[in-house]
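Fit the two chains together into the complex; they arrive one by one in their own frames, and the hints show the way.
Respectively, the protein sequence lines represent chains E and H.
Its first residue numbered -8, the first sequence is counted upward by one per residue in the numbering used here.
Its first residue numbered 136, the second sequence is counted upward by one per residue in the numbering used here.
Honestly, the hints are just simulated from the structure, not real lab data.
Source: prediction; values computed, not measured.
Think of the CB as a built atom: it goes at the ideal place given N, C-alpha and C, for glycine as much as any other residue.
Any given hint could turn out to be false.
Mimicking EDC-like on lysine to aspartate or glutamate, the simulated pairs with C-alpha atoms at most 16 Å apart in a straight line are [what the hints assert, rightly or not]:
id : chain 1 : residue 1 : chain 2 : residue 2
1  : H       : K309      : H       : D321
2  : E       : K54       : H       : E155
3  : H       : K346      : H       : D318
4  : E       : K54       : H       : D162
5  : E       : K189      : E       : E199
6  : E       : K54       : H       : E156
7  : E       : K54       : H       : E167
Covered stretches of chain H, as calculated for chain E (at least 3 residues, CB under 8 Å) [stated by the list, open to error]:
id : stretch
8  : 159 to 172
9  : 194 to 201
10 : 233 to 242
11 : 316 to 323
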Amino acid sequence: MAVEQPTQPTLGDQIYDKLFHNYVWKSIFRTGYPNTPRNQMLVIATNVFLHLHPTRIHRTHVKITHTYCLGGLTFFMFLGLTVTGILLMFYYVPSVDRAYLDIQNIQTNVQFGQLMRNMHRWMAHAMVILVFLHMLRVFYTGAYKPPREFNWVVGVVLLVLTFLLSFTGYLLPWDQLAFWAITVGTNIAGSAPVLGPKTRFWLLGGFEVGPDALIRFYTLHVIGLPLLAAIFMAVHFWRIRRDGGLARPL
Amino acid sequence: MATVVVARPAARPTPRARDEEVLVWPDLVFVEFISALLFTMLLFILSFVMNAPLLDEANANVTNDPAKAPWYLLNLQELLLHMNAALAGIVVPTVWLIVLAAFPYFDRSSDGQGRWFADVNSVKNTVISLMVGFWGTLALILWNSGKVALWLKDWFGFSGGDTLAFLERSAALKDPSVVPWPDWADSIPYLWFNLKILDEGPGAGVTTFQKIDLPTLLVDIGIPAGFMVGLTCLLIYFFWKINWVHTRRDALITLMSGFVGAFLMLTIIGTAFRGPGQDLIWPWDLRTLEGIPGQE
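Isolated chain H, as found in the complex (with noise of 0.2 Å):
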């Protein structure tokens, strides 16, 4: 009698590991209840012990100062003291939104997914990153302010003068007694027809573009830009010269960890070192802070 031969796979495929699964309820679900729980007593708690802020009614006429946006933004209008508004306040957060998005299109290996710092070195990477993101951003804003000329002069009695006040204050560079400028090099034509593009009503006038003054570009494009994208392609540089950063997800742990590092330090210093006219104070001088009782 002849057999019928079934054929089958040679082995089964392995089944699924359910030593190390568990059930969701109750596992997971508890754990989720006891965190909701937990946030909602320290929010109430929170709630009884400190009250929202109010202010005085809105008036237009009266205007407060410093004039703060809400902290998150904080570090946007903290760099928008350093450079044009148009960079600060657009280009920069649209460009680095978009590179965040981009991140899984860049590093598409799979690899050491699932765990923290999975990657050699990637502890080392991301701690030193966030310490020149932090300290370096400060560095920046304590020299583009005129602190660290005002300290050099207090504690040293050195001056850098007039030739090397850029040294001291990036903005210095627009003086023709610092640098010889030519008298055409604020207004460089470009367009010569007059266009206007949405261009209306009070506050208009960004639009138009016509000429170039590149003393301005200079200082109030080229250096920022050139400074937040050198230096972070220079500290990727250094890690890859050291062996730190290996793969394109450890370029990625040094950008990231360093932009961590800047948006705390440029939060900070907007949220509790600027007062009255944007200018540096320390904390405890700053009269409106929100949330404190009896200071709101």
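Okay, chain E solo, but in the shape it has when bound (with noise of 0.2 Å):
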């Protein structure tokens, strides 16, 4: 009876087992390559970005037409916002004296600066879509009924904070489509009956669009919003898993 014999290593068997079974990248991750349905669970179950996932999921969960990625795609945007505008943040200086100088500069001067400048704008627009979209798909697939009541709330407080993140953005620029826009919607916040007029002046830093406005929309725009939305993220993401991952019928 012939016995199988061990074959001679190929030239990819080599170079597979120089790239992945080496001390180094055994350092870092502590499975091979997720080629094997083990590495492939050890990879989600054992890497910090990916373990938000759980290792297996229902095969109809991964049906494009069941979610359409709208609530992943909101948050890849908030990380390609995060990046393109940490990119913006080290050529511009919120001063009325520099901010529109500086946006020119950095369409103009800046090595792929405009490029920066439009992906920062476009994907704003592109996550308030999406965030929209989200919340559409998860009320007509029934998603937000329990166990998933809180998370919808904390969807609804992140939608929230997008429209708040894109406002605050849009004074930035301070040319005249930002000045105006921003006029016409901090007078619709001072409609407020009773507290209006002080949450206007509170948003403003006094009782029209200026320096001090600049500086208060700047800092909630690239510190406290982000963080704040950073946070609720967080609570909106863990819940996904502990309220037992995507909806699907009982």
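See the structure below:
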């Protein structure tokens, strides 16, 4: 009876071993390259970024038409906005004297500056649209129902935070579009009964859009609101897992 | 020899349906990766072909006309043209957000989750509510901006005159020649002392409560609030009558879809159809549109 003899490792096998079975790789990743079911589950369970996911998921949930990736894409926009936002912060000073010139400078003198600014702007619009569509997806698939009631509420808070993030960023270019949009926007806030004028004053740091408003919007835009949004997102994602993953028919 | 009988559950719990499950790596992670990649590419392409707008430097002395809020707030700005500012700008969005957050506490049934439009009638409920919200809002905007009156006159030679002017524009109800308001109607005292809360600086005054202006209250708050609440209830009632709404979930679908329709129409009108002086114009007559090359 013929016995299968071990064959010489191919060049591919040797390269694979060198890449994924070496001391350095194993110090970073506890598993080899995830090409076996065991490693595929381990990589999800042991990687700090991937462990937001369960290791297994119901097959209906990977169908693109179930979620259209809307929640994930909203989060992805948030990450992209953080990256492009940080790059823009290198060149932008939130003072009335410099803000507009800095934006012009970013567009004309900074390498890929115009591209970064465009990306930041269009990603912000995309995030607002995606978060709205995500809400509709959750609603029309009945995914707010028990036991996910509270996560829906967290989602509503995140929707408001997304609007506020976008709104505070709108003033920063300090052009006519920004100035009058924020004037109109804060006038809407100022129309509230009883607390309106005071709210407007607190938002703007004065009675009209000026240097104090710019620094307030900037601070809220680059640190205050993103921090708040990150906290609520952490709760949101955590609760998805705690509440049993994505909703599916009982 | 005595036999030891160990108590066992009659049946083991049914194992999780492993064959219904897939591994997150690669089945989900790759989908996420590809969608992220696709969006990055799309946004790169968009950023190459379309520049973010940058107008002249901010100048408080030169008013932009039309001065518009960011597009996602233009629905509120559009509402402001039709009703009391506090109602449109604060009360409506605040109440709506509270109602939205309260959805799962109103509809507590777990039925029909995890599937698109799982309930009977939910597709036609959604589509018709969306249409009613969308076109109904347009009809109300056209009516309240006097366009309907204009067209009636231009096309059919019909004019309501002074007495029927409220059929063309609700604001006409404030006019003493349309409704014979008594003299005291616009200043009904209800506080006999001067109450001022956090009232200071330019633009203050809204917090001074002393008198009620009945005609203004009716036109700016009563009628719009009545329309918003009344028409919504009417639609849900009608769907209940024709058996499209059976459960709380069905009522929420009507409410949400009607809202989406109205929200879309308000945003579209506010963004593309409002020109200088907030007059209704065609989009191609708008001079400054965000993000269109050569027009920023």
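Outcome of the hint check:
1. K309/H x D321/H: Judged against 16 Å, a Cα distance of about 10 Å means the pair holds.
2. K54/E x E155/H: 13 Å, holds
3. K346/H x D318/H: 13 Å, holds
4. K54/E x D162/H: 10 Å, holds
5. K189/E x E199/E: Roughly 12 Å between the alpha carbons, so the hint for K189/E and E199/E holds.
6. K54/E x E156/H: 12 Å, holds
7. K54/E x E167/H: Distance ~11 Å between K54/E and E167/H Cα, so the pair holds.
8. 159 to 172: Since 10 is at least three, the answer is holds.
9. 194 to 201: holds (count 5)
10. 233 to 242: holds (count 6)
11. 316 to 323: Result for this restraint: violated, n = 0.
When held up to the earlier numbered hints, the structure conflicts with hint 11 and nothing else.
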